[in-house]
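Chains as they are written, first to last, in our numbering: chain A, 1 to 291; chain P, 292 to 996.
If you're looking for bench data, these hints aren't it; they were derived computationally from the structure. Backbone N, C-alpha and C define an ideal beta-carbon position, used for all residues, glycine too. Nothing false has been slipped in among the hints.
Residues of chain P placed beyond 10 Å of chain A at every Cβ, according to the derived structure: (1) D303; (2) E390; (3) W398; (4) G402; (5) Q405; (6) D464; (7) H640; (8) P645; (9) Q711; (10) D715; (11) K825; (12) V868; (13) S960; (14) H968.
Rough simulated footprint, nothing fancy, chain P against chain A, three-plus residues with beta-carbon under 8 Å: (15) 119-125; (16) 165-172.
These are the residues of each chain, in order.
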Amino acid sequence: MKLFKNLFRSLPTLLAPKIQNCLSCHRAIHRSNNHNAVLGIPHTDAMVRALRRSTNPFHDLCDTCLHSMPWIRSIRCPVCGRATGCPDCSRRGKDHTYFQQNRSAVAYSPQMRDWLAAYKYRGDERYLPLLGSMLLTAYYQLCGEQTRDNMPVKYDCITYVPVSPSRLQERGFNQAEQFARTLHAYTGIPVIALLQRNRHTVKQSMKSRGDRIEDMKDVFSLHIDSRQQLFSKLNLNHMTAQTQLRPIRILLIDDVYTTGSTVNACAKSLSELSNDLNTSILISSLTWARS
Amino acid sequence: MRAYVYTVRVGDKWVCRLSLDWRVDLRFWYGKKAGQAGGIEGRNGGEDARLGENRAYEGRGVEVWMTVSSIPLGLAVYVTEQWEMGPLEPKRLIRLLQEADPQVMEWVSQGDLQIKQVKREDVCRSAQRLQEVACLGVSDWGVGSKSWNGNGNGNEGMIMEGVWNGDLWDDIDWGSLKRVALRLAVGIQGRSLLAHELQDYLTTHGMEDAALYWRTLAQLAYVQGLVELRSGLVVREAPRRFPLLRRQRELRCLRCGSRAGSHRRTACATCGSPGCAYCEACLAMGRSRACVLLLHGTAAARLAAHGAAGTVAAGCARAAGRAHAHATEPGARWRLSEAQHDASCAALHFLQQPCAAAGNTPAARGGAGVPSFLLWAVTGAGKTEMIFPLIAHALERDQRVLIATPRRDVVLELAPRLAQAFPDSRLATLYGGSSDRWMSAEITLSTTHQLMRFYHMFDLVIIDELDAFPYHNNEQLQYAAKKACKPDGRFILLSATPPDRMQRDVRQGRLPHAKVPVRFHRHPLPVPKRLTLKPLRLYLERRALPIPLIKALTTSITRGAQVFIFITRIKQVDPLVDLLRRHFPNLPIEGTSSEDTERAEKVIRFRQGVSRMLVTTTILERGVTIPKSDVFILDADSALFDAASLVQMAGRAGRSLEDPAGNVMFCASSWNRAQQHAVRQITSMNRIARRQGYLNTTSQRRKGI
Ligand SMILES: [Zn+2]
Ligand SMILES: [Zn+2]
Ligand SMILES: [Zn+2]
Ligand SMILES: [Zn+2]
Numbered sequence: 001m002k003l004f005k006n007l008f009r010s011l012p013t014l015l016a017p018k019i020q021n022c023l024s025c026h027r028a029i030h031r032s033n034n035h036n037a038v039l040g041i042p043h044t045d046a047m048v049r050a051l052r053r054s055t056n057p058f059h060d061l062c063d064t065c066l067h068s069m070p071w072i073r074s075i076r077c078p079v080c081g082r083a084t085g086c087p088d089c090s091r092r093g094k095d096h097t098y099f100q101q102n103r104s105a106v107a108y109s110p111q112m113r114d115w116l117a118a119y120k121y122r123g124d125e126r127y128l129p130l131l132g133s134m135l136l137t138a139y140y141q142l143c144g145e146q147t148r149d150n151m152p153v154k155y156d157c158i159t160y161v162p163v164s165p166s167r168l169q170e171r172g173f174n175q176a177e178q179f180a181r182t183l184h185a186y187t188g189i190p191v192i193a194l195l196q197r198n199r200h201t202v203k204q205s206m207k208s209r210g211d212r213i214e215d216m217k218d219v220f221s222l223h224i225d226s227r228q229q230l231f232s233k234l235n236l237n238h239m240t241a242q243t244q245l246r247p248i249r250i251l252l253i254d255d256v257y258t259t260g261s262t263v264n265a266c267a268k269s270l271s272e273l274s275n276d277l278n279t280s281i282l283i284s285s286l287t288w289a290r291s
Numbered sequence: 292m293r294a295y296v297y298t299v300r301v302g303d304k305w306v307c308r309l310s311l312d313w314r315v316d317l318r319f320w321y322g323k324k325a326g327q328a329g330g331i332e333g334r335n336g337g338e339d340a341r342l343g344e345n346r347a348y349e350g351r352g353v354e355v356w357m358t359v360s361s362i363p364l365g366l367a368v369y370v371t372e373q374w375e376m377g378p379l380e381p382k383r384l385i386r387l388l389q390e391a392d393p394q395v396m397e398w399v400s401q402g403d404l405q406i407k408q409v410k411r412e413d414v415c416r417s418a419q420r421l422q423e424v425a426c427l428g429v430s431d432w433g434v435g436s437k438s439w440n441g442n443g444n445g446n447e448g449m450i451m452e453g454v455w456n457g458d459l460w461d462d463i464d465w466g467s468l469k470r471v472a473l474r475l476a477v478g479i480q481g482r483s484l485l486a487h488e489l490q491d492y493l494t495t496h497g498m499e500d501a502a503l504y505w506r507t508l509a510q511l512a513y514v515q516g517l518v519e520l521r522s523g524l525v526v527r528e529a530p531r532r533f534p535l536l537r538r539q540r541e542l543r544c545l546r547c548g549s550r551a552g553s554h555r556r557t558a559c560a561t562c563g564s565p566g567c568a569y570c571e572a573c574l575a576m577g578r579s580r581a582c583v584l585l586l587h588g589t590a591a592a593r594l595a596a597h598g599a600a601g602t603v604a605a606g607c608a609r610a611a612g613r614a615h616a617h618a619t620e621p622g623a624r625w626r627l628s629e630a631q632h633d634a635s636c637a638a639l640h641f642l643q644q645p646c647a648a649a650g651n652t653p654a655a656r657g658g659a660g661v662p663s664f665l666l667w668a669v670t671g672a673g674k675t676e677m678i679f680p681l682i683a684h685a686l687e688r689d690q691r692v693l694i695a696t697p698r699r700d701v702v703l704e705l706a707p708r709l710a711q712a713f714p715d716s717r718l719a720t721l722y723g724g725s726s727d728r729w730m731s732a733e734i735t736l737s738t739t740h741q742l743m744r745f746y747h748m749f750d751l752v753i754i755d756e757l758d759a760f761p762y763h764n765n766e767q768l769q770y771a772a773k774k775a776c777k778p779d780g781r782f783i784l785l786s787a788t789p790p791d792r793m794q795r796d797v798r799q800g801r802l803p804h805a806k807v808p809v810r811f812h813r814h815p816l817p818v819p820k821r822l823t824l825k826p827l828r829l830y831l832e833r834r835a836l837p838i839p840l841i842k843a844l845t846t847s848i849t850r851g852a853q854v855f856i857f858i859t860r861i862k863q864v865d866p867l868v869d870l871l872r873r874h875f876p877n878l879p880i881e882g883t884s885s886e887d888t889e890r891a892e893k894v895i896r897f898r899q900g901v902s903r904m905l906v907t908t909t910i911l912e913r914g915v916t917i918p919k920s921d922v923f924i925l926d927a928d929s930a931l932f933d934a935a936s937l938v939q940m941a942g943r944a945g946r947s948l949e950d951p952a953g954n955v956m957f958c959a960s961s962w963n964r965a966q967q968h969a970v971r972q973i974t975s976m977n978r979i980a981r982r983q984g985y986l987n988t989t990s991q992r993r994k995g996i
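Same shape as in the complex, but just chain P (with noise of 0.2 Å):
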């Protein structure tokens, strides 16, 4: 879309501001039409005067300065984002466009960029209905400048979509315009919504009227400061490449933080742009353009600065956690083992202290700017009973809790454990598709993706599996997770396999963590054994398994264990399958991978003991628990397993307290770093527990301790 820039000058200050209906901003600023009286003190008075409107300055000279047409919505924020000071001119304005977009006056016409000084006495002249405004000069609701400047086609350029029809200087209209703009203010409060889900929030609320002049509406909240209007994709500072050339700008994503390589450049109809940029990254969740419009939700903030904090309190869901008064002896409450305590204990200290001590170095913010401690709990330690003492915690407080975790089956696994754990808190559940999708609720769980969908909401951020799939590396959630907390939020990040540079961070004493180096079984984690094989590419292609291989595995089908076997190619899933089946010819085998699409049943039957081998690929490396099961993981020196999906594989064994000694096999021709480093990681965290007492007594008397 296209918006207009103004800057306006109250008092001694002039501010810049961009409108999607300028009626509103000429309302809001002048307060009245020329010759009349101020009247209406009685009504809306006093709220007017909470909340900044002309009352303060009138008779101040308010002086508003407007282009003449509207501009491509990216462009108008970027001008409003980077004016300093002074009323609105052509030079200045142009120069800043093409900051923004070097080439954009190929595209945008010199005239589009006339500045207009917008009098009291043009607002009585004109504009009482949305027909007649063209007489002010301020027209154009189209797109493109055809329309409007001299083609004769009048109205039919002018698009009136989403604006409210009547007369804007009616004071009982505008009251009730009000009242609805601060409805949707409050409601959609910590929330980064696309202009298309504003529309979806107003329908589903029953505000269907409303939803037609969502324009108008939004502006009305924007000038009172209730909500921002951004930009899907705007332009910021790139962070420098090499220190000695200059610094560039460059497009990003502001819902889902990505760069320039994920956007894609095209001739725009609804902006004009022969390059409008749209973001690749986020496209399944709508499409985030450099001209479509995305709104924050920040009436909380604002009207919090004005004393007026009970309307949000009362549009925003409480009533929870009052319950909680145990919330400091997590142990007793929630059952938790002596190791799930510990730490529980130590990350509740972290939650406790004031923001300064908590955040008081870079890394201890997480590299995300927000102060993070690390949950570090081995495979099967119990880590979702650990971080209900932490909820408790917030929820007692009256803060909001997210608990954000990449897959979508850990979310629908979870939540019923969530509602159980806290049955007097609302929980609302996000994931592609979920009908919670608008639900205002204390604690939100939700998969990564729907995080992008809030702003400033959380006080506490819980995040599961830092390191899983869509994390690896993901600058993309990292941004996400920021932008949802508050800035004065907390991070709490769980894994069994943090990253390396966490891990550095950990080891110089950057980032505060707690580790859990037991199970909740309080047995040692399965170190895993070597068995030096040729790669698997030479036993498919000989058709024969070798000999080391075939024992192993019997051994563990004899055991009456369950065998996972994980390798590298997608392709070798097959052959394989076949080669077990003539080696084991009365057991049931399967394969899977990404791209099987009887994934799931196959995983179901594995689940239910039906087959009693499966081999997978790296997909299976994480979620799915089998209680008596050996892991045996062929190529485990190859490039594609890296230190992190070689322990989280190991950890699949050993997971029940009637089998919690599997056995994990490291199958290759090589010993390489990762599975040293896997092995390290997997031993350390034994000897921690031993040295903590963690470990039960017949399995430090069997180990020989």
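Next comes chain A alone, as it looks inside the complex (with noise of 0.2 Å):
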């Protein structure tokens, strides 16, 4: 009696269709057959395959929440990737940058910044595909960029801007690196951790960009073990000192892009590593969103 009683409870919820809510506004999602996932965002054939291979985390989102999204698509700074002028790249000089260039998915606009607050601070660990899989036009949009003998180049390895131990315990993941993960599952690439944080640093926005520089001064630097992890995930082991290696491409993962400091930092520790390997370190940096 109590088992078709139970059964014919659960009866309701079995039938029903399950309604898809968007992740960002909570409406319900209604959606067409013919829908088209990529619709309203900037994408390559590759970045449509890569997509297709899981399911596809832009369907998270309604289609007002999808269209309103601030893509960066027309680059002005070729260093930092900005869609306006830049006087921070021209004052740092092309001596002190560290990295080749950045690019960045979005514009950190509002919607974006409450989307990255629900995610890090809030813990909302289902923003989690859509935001790491939003870096994947950022980094088509670099493939794009950097060709040679009209070969897009291939990166070797991904790493990503570390955290400090306590933020770590704090929050139970670090975003970048989740980010570095999520694309790792979308290109094969490679994560290496090869970099650590050595103490907080106070919250940028409350410093003057001078004391922003200071600052970052030995905050990163290389993991103990950074280069025989290298060595040995790059199988770099067979080559001898002697031969000339081939440049080493790294792209750095972080969430947001600010005066570039941040990434300017890491890219001075990760290029210490050019004299154990004996050649280049290329450094791109990936951001999910641009400020």
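Each chain sits in its own coordinate frame; assemble them with the hints.
Next comes the structure, spelled out in structure tokens:
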């Protein structure tokens, strides 16, 4: 008797069609059958192929939210990938820039700020697939620009901006690392933890630009076993020190690019790897948003 | 976070505890370092003895067995709950861990689960300071096992945040730590807080320093029994879906009561689990997780048991209620109508009954296990006044009262009325972002979400509109309300449209209740009339409204009433508004829905009479009261309208003494059960009102009675 009662009670939930609500605005998603998954997203064929391999995270959004994303489509500053004029890069000068270029997926609009806050501070990890795959647009943008002999360049590994151990404790994850792993899932490029953070930095927005740069000194350094890791994961062991290695290309991932001081400090530490490897290290940065 | 687990033998009994800072436990159970004579009885002795510290057992063989490494908090909590007897040993430990998480051995290393006896001499040898702790073998303040089992980067993995960095064997420091821990425990008495909320409490109460060693303090309060340490998500036995199946375990959110369907598992750097679950149901209130600490303030019970209730009383606010000597005569003091008075008296009688009598059947315990009383008051009955005598009754007895309501605007509207009615009592008004969140008050007025932050705090819990939106079949609310209520507390439930299950309990005499069948103005409820129309969809396609509807609307407009038009679909709001504007070109008409960003402004304009007609979905089925209004419900036979929401919508009409008989129209092509049921509820309330003589004479005459 009770068995039937329970079965009966669970019937409506079994039969009701599952309504999906938009991750961002929580409204029910009405989707037509011929819905185009990448409508409104800057994409390449390669990206569409990558997205097809698993459930498309952009399906978590309703069409309205999907179409209102502040994608960076045209790049004015070739260094930091800004869509507007750029005093930071010209001031820093070529000598002190340790990375080749940065590309960001979206502008850091209030809406994007809300998404990142929901993910990073509130811990709503449902946002990860979406935010992580947004990085794909920046990645394919970069691939499109960087060609050698008409072939797109290959990146050797992905690494990410680390957070301090106590921040990691508090939050339970490092958003940059999670983005890196999402990118790995789509591209297959290995993720290697090359960097460590030696101390907290005070909230960046509280300080002047000069302070920020001063503050970044020695915050990051190479992991003790980073060289070893790089050697083993990239199969560099069989190459001898005499042969000139091809340059090694590293993708550095972070969530938000503001002045570039964080990315530059990380890139500076990463560039120290070239001493041991007897080759040049080329660092490109991919960030989810550009403020 | 992670925690150590240990068992300690006290006399011939073994108890199992967890530890956020195991130095505290060693000091507590051993009392003194080896070789140190029991010295300072004078200063702290009395209090220590009362709280059951060491002295009673001194010399009777305290024995401590502890895990060599910390383990994820959720697992530690499960072990302490399930450990039955005897000293901690690896085999049984692992079996318990596997009960909690069948895959546990794939990610927790066997090495972490070794158990070591920690002797009094060990304490002596080491652990003056945290940095020296490693030599004890009980190390690892960090995450994962890598940092301590020999990767060489020693201190790097030791995270010492939140622990006190001094010598716990210093009697003076120990004494002052205990005082701060007591202050903390008294301060969070009756609350249910996540770790970061505890830190917030400390920093906002002038204990910024203490916030830096909150782990040590929480541990010290816990080991003295002043707080309970739990994890946000806990392993519980699942209710059996089918009687023949084996019982299974499931995770539940201890804060909001949600089950596995609301949880998500992700890799967690905080505890090292590859699939550490967190609760999505209460995420907006801060993340509750399997490895996040949840504290329950239980100091009152503990101190009362040791005859030290005064300490708590000093910390917990009182001072109220003494002036309310007339509570037993509610009618006079609160100017209640006869019907309100009668219902209020019945509820008072329920509160005065001893616990056993009040909750003698399971239904009377309201499904949540708490003795409950239903005040079934029709829309517009004036239920707020009816609860005043109940609040006064509780305040007279130095009890704490909670009034919970699903909607924030009701909280804001009710607050000044309560403050005026009880000027001598402190009132905390809680909603998302309110500044009263730490206020210690006799009366707490709260949105239902905020209920989750309490644990056994209130003697009387009044739940308003228990059938309204967030409550509808909401297991979560029941859970939170029960958790906020003391084990011997009472529920008063207020509703105009109780859910079916509750109505059944009422009919079968299992739920004590009182009906208030009449509005404050003593006129009967308007009975809905039928208007047979085709579905609205057809009229919108044809771009013309049916003549009977236009006629009825014109009648309402010419008699000077404002008109509510309820429809089922959000996307029909704008087309219908357009159509109505064509039919009534000079009339201000607006439409709104849950997706309308200007809803608040439009409601204000309607309230002010600036707009005369408002097209809306069920979002406005309650709350908005207009003195002279008529109600039209289109597609009233839609499955989206149940009897309860039809009664609520009908309840918008005839609310004022000036216009007590508004018109209600059910417009539909069929006359379905929900409509019949709604009309039956309304007419039955009118009949009861008439029979009991609550209706005023003019309305009786009009009805020809
Ligand atoms: Zn959306
Ligand atoms: Zn630039
Ligand atoms: Zn929860
Ligand atoms: Zn965890």
